[in-house]
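A.B. asks: Sequence:
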Amino acid sequence: MRPDDTPTDTTARGTARRTAATREPYLPAATQPIRAVVWAIHLVLPLLGLWLLLAQPALDIEWHDNPSHFALILVVAGVNVVLGGLIARASARRGDARLLLVSLVFLSSAGFFLLHGLTTPGIFIGLTLGFELAQPVGLTIASAFAFVSALPLGAGAARAVLRYQAVLWTGLMAALTAFGVACLVPGLTPLSGPLPPHGAGLGPYALIGVGLYTASAVMMFRLHRRRPAAVLISLITAYALLAEAMVAGMSHRLWHLSWWEWHLLLTFAFLFVAYSAYLQFRREGAAGGLFDAVALSATARRVQAQYEEALEELVGHLRRRTESGVPVVTRLAGRFRLTEGQAAVLDRAGAALAAERDLSERLGALVDVGRQTRVGLPEPDLLAGTLERVRQAYGDVRLSLMRDGRLTPYGAGPPESPHTARTLAEGRVVRAEGRAVHPVTVKGRLAGALSVPAGATAQDEALAAALAGQVSISLENARLYRELHTLFRQYMSPDVAESLLADPGQAALGGSLVEVTALFADLRGFTAFSERVSPGEIVEMLNRYHSAAVPCVLGNGGTIVQFVGDALLALFNAPARQDDHAAKAVRAALEMQDAAAEVSRQVVAEQAAGRVPAVEWPTFRVGVNTGTALVGNIGSPEFRGFNAMGDAVNVAARLQALAEPGTVVIGQPTRDLIGPAHVVPLGDLSLKGKAQTVRAYRLVALEWRNE
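Per our numbering, the very first residue in the sequence shown carries number 1; after that it's consecutive.
Hints are computed from structural coordinates only; laboratory data are not their basis. On a predicted model such as this, the values are computed, not experimentally measured, just so you know. Where is the CB? At the ideal position from N, CA and C, for every residue including glycine. Since no wrong hints were added, every one of them can be taken at face value.
The following label-pair restraints were derived from C-beta to C-beta distances:
no.	residue 1	residue 2	range
1	P378	A466	18 to 28 Å
2	L363	F639	39 to 49 Å
3	A608	A691	48 to 58 Å
4	A466	F639	38 to 48 Å
5	Y205	A157	21 to 31 Å
6	N543	P380	24 to 34 Å
7	S636	L480	20 to 30 Å
8	D579	H678	14 to 24 Å
9	P378	R301	48 to 58 Å
Result set (EDC-like, lysine to aspartate or glutamate): computed pairs, CA atoms no more than 20 Å apart in a straight line:
no.	residue 1	residue 2
10	K443	E476
11	K443	E379
12	K443	D404
13	K690	D647
14	K688	E660
15	K443	E426
16	K443	E483
17	K688	D522
Let the hints inform the model, and build the full structure from the sequences given.
C.D. replies: Here you go:
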């Protein structure tokens, strides 16, 4: 598609909407079959009439009336000058090259047509050569401007035309002046001399103008198909009639009907454009945009952007509800030279668009609040984020929460009255002081109140109610998750809990074979310690050790499967997959021993201070092994647990039993996966329940690569 062929104006968009609505191909008025035929007949009839007059000389009667000719010329030239001036004014306002060239078409033809009238025999001078040549010369010059105006001018060509517009104006005025002096000053040039007996004209050179007008009409018609507009149709018709006028002017039969025909064609051409402009002026009530449809696509896009900017400014004012001494519509009407009717339309369109924007933003806020209602977001963060978002769309939204039986503001503000709380508890909305207070519920009970600025429409009220409902859901989810965090997540590994929350189907009985690294740890000396202390002290000891050990496992991505007395079993690479699960497991084991050693040091200090009985506390020993295990939910439909079964887990337990207190023992598969490490070989060990020996190592330290 060429630069000037892109549809950009609102008429084209309206056409597209009508096409979608009717599901029928749209044809501009001039291209619908019947209208196109009628239009073509009107253009062909003058040429048929000319042929008939020339073929039947008896019909081509003579009518010689100099004053009527002079008056006709003055009227048509005057109309032409007005049209050319209006288009030139539009060109200056829009900075458009095509409008400039079209204005030169009208002004050049008007100028030479006026010279033709001034040289009417018997008015100022006698019959001269200039009287006969003024019209074809003027129309030929105008045809050149018409042809260039119809071209799809690019940005560079348009800038060049505008840059040299002074030269074009000066050249045209100079040509008109020179031709006028040559025609009106007797004896100065042959143009002021007598007309030859058989007339004069441009001869075959007149066909150049005919061809240029024809090409211009065709190119304008192509533009009209992409950007339908009445003014384009009138301009196309004018170019076609001007081409026919040049053909009619080649007959040279002065004062005969065939000679008067080209005068009538010129008159119809210019009056047709004037009438179209008048109709559009009556429809729009202003002359500012009469010829915008003729402008270049770049100009149309620029004008459209200006109107969109004006509409956006109006919408912004309407949405902010700002007022000033001069209404914004009045200011915009002055800036864009809009009539009262157009300003009223702009006001209604702006109000409708502002309402649509408000609706879209409020719906977007509801969606965002729903997105914030996600698992794990603490209630304070949830409420703060929710209020910040909804205030952008709904205005001054306030929230109160039930505290000790009263609705207490979330943030600053006075508490709601007991009467308001009772009304909200009944599920009713309280309206007062330009606000609507909606109940916020959790499990069917009043948990808070959401105060929203009162809406102007039923739609606003519905959106406010929907917002209160969404806040209720968010608050209930946050509190339910907090309960889950306490009652559910703390009884199992976070990975298992989160996996079950995201996909409850994972709780089904069964499992799959997965390569895992199992970490098994227990407390050496636990039995002897238990015999010497009370049950409460046993629990305190276990909690202190496990409180130190659990973060080491979870911090490295491990999953704690179970606590069995003083023993702890953790898995790596299940249920969440980990590429370096063996390395993470042994790092967790070393960190556990460091944490347990710190607990032992604290206990020794407390024993020295007499706060803890002087009984030797047990010490952790850890075994780690890697291999394939059956991982999944094991148990019954009524009660089940996440666990792992297999030789890899059993070997980890056996290695732990062989480890010295305070040490970590790993199997060969784990050693092969962790890379460089400081280990002490323990040789091939015979483990209980294993027919073959197992090679093991005592892990002293781990050297990390690219952590």
